[in-house]
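> The residues making up each chain are set out below.
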Amino acid sequence: MANSIEIKNVSKSYGNTVALKDISLSVNSGEIFGLIGPDGAGKTTLIRILATLLLPDKGSAVMTNYDVVKDYKKVRSSVGYMPGKFSLYQDLTIEENMQLYATMFGTTVEENYHLVKDIYSQIEPFKKRRAGKLSGGMKQKLALSCSLIHKPEVLLLDEPTTGVDPVSRKELWEMLKKLKNDGVTVFVSTPYMDEASLCDRIALIQAGEILGIDTPESIVNSFDKTLLSINSSDKYKLLNDIRSYEHCNSAFPFGESLHYTDKRTSFDIPQIYEYLRNCGNTNVEIAVIKPAIEDCFMNLMVGE
Amino acid sequence: MKKSNGYSIEVSNLTKKFGDFVAVDSISFQVKKGEIFGFLGANGAGKSTAMRMLCGLLSPTSGEATVGGYDIFSETEKVKRSIGYMSQKFSLYEDLTIGENIEFYGGIYGLSKLQIKEKTEQLLEKFQLTEKRKSLISSLPLGWKQKLAFSVAIVHNPEIVFLDEPTGGVDPITRRQFWELIYEATNSGVTVFVTTHYMDEAEYCDRISMMSEGKIMAIGSPRDLKSEYSSSNVDEIFVKIARGGGK
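Protein sequences, first through last, are from chains A and B. Numbered as in the numbering used here, the first sequence ends at 304 without a single skipped number. Numbered as in the numbering used here, the second sequence ends at 247 without a single skipped number.
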């Protein structure tokens, strides 16, 4: 399958701050690719380079066969971009924003209506309302409609689910899935590790560097240790005690329990149980669990 | 009069109306001393309005509530003195140095000069920032700022600290270090009230409540709620409640 995005050795610094260090990755045509990492990892910088809004210091990026520097005009007509911050005209109505975007790309809302129908029809009843007066979820639907109206092959979305409540988050992912089915390549960044499973492939990014690129399943399968989930009546005591255990490799709070890895390759769970009981922990529960993407991310961060 | 009965926050039928709009609709709950209580809800559910009332910043329309034993109708100044507050959006002053920020908040919270000096040294040492005390806050990574901001919010040993979406966007390891600071604080008796719409933050709380359209729709430990709503995570519970409350 052809690659929609091909990034080779891209680096970018702002003064002394290194935002991206030698990033290389490729995105297949028609997949949902997730760029997953915390604030400050370099996600926005990378997306802006792909959207031709920022020049890389080194390296190259090709979008739908066009170079983001030399052929930036062609890239712009074949790529849709939804920035993290709502950037439409607040004092234009829904309808006017749509017409503006369509006109800028030399098309009309009518011509490409079928592309945005599923999303736009949900806000169309309010088309005379100004963008500034819309709720968060509606703004997002409008921004998405505007970024799709010129029939892009690739859609770049910069943290579309940040600060959005779980219901709207769920709706957004449902919309992305539909776009994928329509043949659009989706490149989406997110700080939420739990959204990894909604992507076909993901890149984990931290401090300007890629920690891993693969399908979510393969990343989880590459976790090379036995992961235990441990509970007790007093989380804080449990955490301090398990960290003092001579075989403790890592122990992190993880919601209601804590996640533990051992230094040894093989070990007995009852032994750990005994140790915790002897330290005075009560209602201790230990279970072997399958790692989540967040466990993998932390494991890779520690390994760096 | 200060009440003391093992609860840091007691709320009964608390209501706030803005004109005809009922932002907070007769909510009732209690938060135990030393508990981590998560206050969840969608944007516009009424979380901020409720929290502003509990912090003594907004006067309720009706109902009753005490925070740290003080009445939020008649003793707002005492309420303010017994709480700490931290939000991700606003915490430390970027154009003051690390040392200046600690001293500034110590002063605001009414500590003596000697206490401020002691606390400043103590915090700088705890975070190994002694050598960076003269650096601007803006030079610190986000995660460090948040850890420091939390410590500053409890610099005056308040009974309760309010955290408004404290850890969104931070890397997973730093985020855990932040929660460990919270556990450390609750272990020494501080009550923590967290508002958030990041559902994975909710999993760290002892108990959570979920608000929708001004009302509290569910309340309990994350574990109990997950079994009550047959969901594998808090996110699913939230979606179920927001879509019409089906269990």
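Treat each hint with caution, since some may be false.
[Unchecked claim] Keeping only pairs whose Cα atoms sit at most 25 Å apart, straight-line, the calculated PhoX-like set for lysine-lysine is:
1) 237(A) / 126(B)
2) 134(B) / 85(A)
3) 74(A) / 58(A)
4) 85(A) / 145(B)
5) 73(A) / 151(A)
6) 170(A) / 215(B)
7) 170(A) / 33(B)
8) 117(A) / 177(A)
9) 240(B) / 139(A)
10) 178(A) / 117(A)
11) 133(A) / 89(B)
12) 70(A) / 128(A)
13) 80(B) / 33(B)
14) 178(A) / 113(B)
15) 178(A) / 225(A)
16) 226(B) / 290(A)
17) 89(B) / 139(A)
18) 170(A) / 132(B)
19) 134(B) / 89(B)
20) 240(B) / 226(B)
21) 85(A) / 237(A)
22) 263(A) / 237(A)
23) 33(B) / 17(B)
24) 133(A) / 17(B)
25) 117(A) / 180(A)
26) 128(A) / 117(A)
27) 237(A) / 32(B)
28) 145(B) / 177(A)
29) 33(B) / 237(A)
[Unchecked claim] Covered stretches of chain A (in silico footprint by chain B; criterion: 3 or more residues with CB under 8 Å from a CB of chain B, positions within the stretch not fixed):
30) 49 to 55
31) 190 to 200
32) 249 to 261
[As the list claims (entries may be wrong)] On the chain A side, residues computed to face chain B include the following (Cβ under 10 Å):
33) 37
34) 41
35) 45
36) 133
37) 137
38) 162
39) 166
Rather than coming from a laboratory, the hints here were simulated on the basis of the structure. Bear in mind the structure is a predicted one, so any value in this text is a computation, not a measurement. Using N, Cα and C, we set each Cβ at its ideal position, and we do this for glycine too.
> Can you name, in rising order, the numbers of the hints this structure does not satisfy?
2, 7, 12, 14, 15, 18, 21, 23, 28, 30, 35, 36
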